[in-house]
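Protein chains in written order, with the numbering used here: chain A, 17 to 378; chain B, 106 to 164.
Among these hints, one or two may not hold up.
As the list claims (entries may be wrong) - Using 27 angstroms as the maximum straight-line C-alpha spacing, the simulated BS3-like pairs for lysine-lysine come out as follows: (1) K122(A) - K108(B); (2) K150(B) - K330(A); (3) K268(A) - K150(B).
What the hints assert, rightly or not - Now the in silico label distances, taken between C-beta atoms and shown as ranges: (4) E146(B) - K19(A): 54 to 64 angstroms; (5) K150(B) - D23(A): 52 to 62 angstroms; (6) S189(A) - W158(B): 13 to 23 angstroms; (7) G231(A) - A107(B): 46 to 56 angstroms; (8) D237(A) - G119(B): 30 to 40 angstroms; (9) D23(A) - V132(B): 41 to 51 angstroms; (10) G130(B) - D39(A): 46 to 56 angstroms; (11) D23(A) - I117(B): 31 to 41 angstroms; (12) S162(B) - G133(A): 32 to 42 angstroms; (13) N252(A) - S162(B): 27 to 37 angstroms; (14) H274(A) - W158(B): 12 to 22 angstroms; (15) V132(B) - N300(A): 35 to 45 angstroms; (16) I117(B) - N300(A): 22 to 32 angstroms; (17) S162(B) - K146(A): 16 to 26 angstroms.
Unchecked claim - Covered stretches of chain B (chain A as the covering partner; in silico rule of three or more C-beta atoms under 8 angstroms from a C-beta of chain A): (18) 106-112; (19) 115-121; (20) 136-148; (21) 151-157.
These aren't lab readings, by the way, just hints derived from the structure by calculation.
Even for Gly, the Cβ is constructed at its ideal location relative to N, Cα and C.
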Amino acid sequence: MSKVKDDGSIWSGLAKKGVSRRDFIKYCTTVAATLALPSSLVPKIVEALEKKQKPYAVWLEFSDCAGDSESMLRATKPTIGQIVLDVISLEYHETIMAGSGKFAEKALQDVVKNQKGKYIAIVEGAIPMKDGGIYCTIGGKTAADIAKEVCGNAAMTLAVGSCASWGGIASASPNPTGSVGVGKAVPGITYVNLPGCPMNVENVTATIVHYLTFGALPALDGEHRPLFAHGALIHNNCERRAHFDAGQFVKKWGDEGHRLGWCLYEMGCKGPEAYFNCPTIRWNGGTSWPVKAGHPCFACASTNNWDAFGPIYKRLENVPGAGYQTSADKIGLGVAAVAAAGVAAHAVIRATKGKPHEEEKK
Amino acid sequence: MAKIAIDPVTRIEGHLRIEAQVDAGKVTDAWSSGTMWRGIETIVKGRDPRECWALTSRI
Numbered sequence: 017m018s019k020v021k022d023d024g025s026i027w028s029g030l031a032k033k034g035v036s037r038r039d040f041i042k043y044c045t046t047v048a049a050t051l052a053l054p055s056s057l058v059p060k061i062v063e064a065l066e067k068k069q070k071p072y073a074v075w076l077e078f079s080d081c082a083g084d085s086e087s088m089l090r091a092t093k094p095t096i097g098q099i100v101l102d103v104i105s106l107e108y109h110e111t112i113m114a115g116s117g118k119f120a121e122k123a124l125q126d127v128v129k130n131q132k133g134k135y136i137a138i139v140e141g142a143i144p145m146k147d148g149g150i151y152c153t154i155g156g157k158t159a160a161d162i163a164k165e166v167c168g169n170a171a172m173t174l175a176v177g178s179c180a181s182w183g184g185i186a187s188a189s190p191n192p193t194g195s196v197g198v199g200k201a202v203p204g205i206t207y208v209n210l211p212g213c214p215m216n217v218e219n220v221t222a223t224i225v226h227y228l229t230f231g232a233l234p235a236l237d238g239e240h241r242p243l244f245a246h247g248a249l250i251h252n253n254c255e256r257r258a259h260f261d262a263g264q265f266v267k268k269w270g271d272e273g274h275r276l277g278w279c280l281y282e283m284g285c286k287g288p289e290a291y292f293n294c295p296t297i298r299w300n301g302g303t304s305w306p307v308k309a310g311h312p313c314f315a316c317a318s319t320n321n322w323d324a325f326g327p328i329y330k331r332l333e334n335v336p337g338a339g340y341q342t343s344a345d346k347i348g349l350g351v352a353a354v355a356a357a358g359v360a361a362h363a364v365i366r367a368t369k370g371k372p373h374e375e376e377k378k
Numbered sequence: 106m107a108k109i110a111i112d113p114v115t116r117i118e119g120h121l122r123i124e125a126q127v128d129a130g131k132v133t134d135a136w137s138s139g140t141m142w143r144g145i146e147t148i149v150k151g152r153d154p155r156e157c158w159a160l161t162s163r164i
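Sequences and hints are given; from them, build the entire structure.
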């Protein structure tokens with residue numbers, strides 16, 4: 017096996033860490049699938065990661081719970097260690113970096129100054145705007161001021177998680193701190209929203225690879241979210257959809273239907289109104305997702321989900337088609353009954369008229 | 106006599122500022138501040154109690 021040249025490229029960095037060529041190609045293929053790109057584009061992704069130098073990145077945390085950082089730590093292809101050190105050069109992350117205080121601040125400032133316009137800013141957590149933004153400060157500066165400087169000088173910003181995308185839980189009624197997402201706090205920047213509570217790391221790494229491969233962000237919807245992740249309703253890809261159609265609903269936790277994996281619509285599932293790729297990409301290396309594990313979806317990526325869809329365990333109103341197959345069966349039976357009655361009636365009429373078909377043909 | 110501040114304290118979940126008064130190599134006073142607040146206690150008021158866990162787990 018020939019040794020991979022150490023040229024500072026992403027592929028050579030991964031190879032140095034023991035990632036085999038086969039696993040590298042597998043990863044590029046998986047990313048293409050996540051991005052909903054045809055497999056003919058896999059060689060382009062491979063080429064980009066072979067040639068491109070690691071981009072610098074800084075990860076900022078504002079009004080957050082670190083859930084998106086936790087999601088990042090569960091990356092499996094490549095692993096977080098590989099991502100941090102080999103796919104991107106993550107220079108600042110308060111939850112995992114070695115330096116603190118002044119040393120941490122210097123690490124951030126070095127990237128902002130020396131890589132101006134070239135680094136990727138990843139933002140987790142909402143930005144409070146009320147009372148001068150005092151509800152979140154780091155190193156004595158408000159989150160709003162830090163975001164303006166760091167995101168304002170970045171090549172692009174990834175707003176990861178619902179809080180950074182649209183304000184998340186911090187903005188849930190009555191939004192005591194006036195929290196908003198990055199796009200609203202720093203107008204004019206190039207950014208992508210990658211909501212989710214937390215984000216799904218597979219979508220984030222796919223977006224980074226897309227940017228590295230094509231030098232552009234993937235197609236976005238009206239809320240700045242990638243279409244590959246938020247273009248389809250959860251309801252339309254749910255593995256329990258047939259149970260919804262057949263009117264087989266869980267009525268109580270632990271009942272027979274729950275054990276059989278029936279639809280969770282009556283337990284409050286917001287899947288019919290949520291746009292996310294959870295049923296296909298799933299979580300923790302593709303292991304599972306809330307509905308598969310037996311809990312209703314609560315539209316965690318959707319803007320204002322804590323207020324817009326009603327309580328988590330309250331059924332959505334006006335979802336068309338619930339149990340339509342049951343009604344279809346009823347309709348079918350009804351039609352069959354009418355048809356049977358018609359056939360019987362016809363037989364009676366023929367009998368009373370007394371003329372067999374053969375005689376009519378003559 | 107010097108007052109030092111470490112902000113951010115890293116490798117923790119959340120935001121923390123530590124200040125210390127240092128006299129002749131000894132810490133004579135110290136302060137800690139949680140430098141971020143969202144008001145989850147205010148946000149959960151009035152909501153369906155069955156979903157309280159979903160909001161408080163995000164603290």
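**Prompt:** So which hints don't hold here, by number, going up?
**Reply:** none
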